[in-house]
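Visitor: Please build the complete structure, drawing on both the sequences and the hints.
Here the protein sequences come in this chain order: A and B. Under my numbering, the first sequence has 87 at position 51, and the numbering climbs by one with no breaks. Under my numbering, the second sequence has 159 at position 123, and the numbering climbs by one with no breaks.
Treat the hints as calculated values from the structure; they're not laboratory data. Be careful, since some hints might not be right.
Copies of the same chain look alike in the list, so a pair counts if it works inside one copy or between any two.
Said to hold, decoys possible - With a straight-line cut-off of 27 Å between C-alpha atoms, the simulated DSS-like cross-links for lysine-lysine are:
id, residue 1, residue 2
1, 76, 117
2, 173, 78
3, 117, 161
4, 39, 78
Protein chains: 2
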Amino acid sequence: MAKKKKECPHCGKEFSEYKNPIPTVDIIIEIENQGIVLIKRKNYPHGWALPGGFVDYGESIEQAAAREAREETSLKLENLKQFRVYSDPRRDPRQHTISVVFIARARGTPHPDDDAEDLGIFTSKSLPRPIVFDHEKILYDYFTYRNS
Amino acid sequence: MAKKKKECPHCGKEFSEYKNPIPTVDIIIEIENQGIVLIKRKNYPHGWALPGGFVDYGESIEQAAAREAREETSLKLENLKQFRVYSDPRRDPRQHTISVVFIARARGTPHPDDDAEDLGIFTSKSLPRPIVFDHEKILYDYFTYRNS
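Guide: Right, here's the structure in full:
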């Protein structure tokens with residue numbers, strides 16, 4: 037396993053420890069007859085993305101998906117289902133993350149919150165630009181799956 | 037996000053940092069007309085388990101699955117496909133892991149290596165005991181999926 041260097045905040049000396057990819061979740065939220073929800077990110081990398089975020093220690097991926105959707109869009113998810121996992125080490129410019137992507141439904145009007153500066157509901161023909169991370173690929177896979 | 041306490045190996049003082057679940061892979065390897073491969077673990081928790089292990093930083097989950105299968109069973113995987121993700125915080129008694137489970141095929145005779153003390157090929161009717169982690173549940177889901 038790969039090791040990473042850490043620096044002690046007290047004595048300043050370096051030591052190494054195991055380094056693991058970071059687990060995340062992303063959620064494709066379908067609003068009936070309208071499309072799917074994307075958020076405009078407040079933080080780097082700037083652009084549009086699926087709602088999502090880091091999985092907390094002690095939390096299942098389903099709990100993380102429900103929490104992140106609520107925090108970023110104010111929506112309550114229904115019919116949450118695993119779609120696919122994306123793990124290319126280059127998918128996030130900050131660090132190696134592994135994202136479990138879910139598909140879910142929601143009713144009501146989403147409101148941006150937390151890491152979301154803005155949000156919108158889009159179809160495959162109306163996607164905004166730029167879309168960050170590998171979320172354009174995820175959306176391509178999703179629309180291909182929905183049309184098959 | 038949850039934080040964990042670390043102790044500096046040089047000065048012995050504690051500091052806290054973000055704690056994340058650890059990503060792993062497990063592989064259901066199908067040997068044609070025979071069954072699926074389970075390994076008998078050398079290390080705690082002792083018992084039978086699917087071949088698998090930790091995902092290295094900088095490695096995709098598909099690469100990790102191929103590497104772990106090779107290291108533990110000497111088999112080369114074909115037709116590797118994502119099955120499902122298991123993330124219950126209690127699934128591993130040592131720490132919170134999130135496992136992406138794959139289904140794959142292999143030809144030839146598996147040989148135990150690395151963390152495997154022994155291995156065997158089993159069907160739903162001939163499973164060994166005890167099966168550790170949540171792998172009995174994973175196998176139940178797999179056989180249900182195969183029979184549906």
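Visitor: For each hint, tell me whether it holds in the structure or not.
Guide: Do the hints match the structure? See the list:
no. : hint      : result
1   : 76 / 117  : within (24 Å within a copy, 32 Å between copies)
2   : 173 / 78  : within (21 Å within a copy, 40 Å between copies)
3   : 117 / 161 : within (24 Å within a copy, 30 Å between copies)
4   : 39 / 78   : between (31 Å within a copy, 23 Å between copies)
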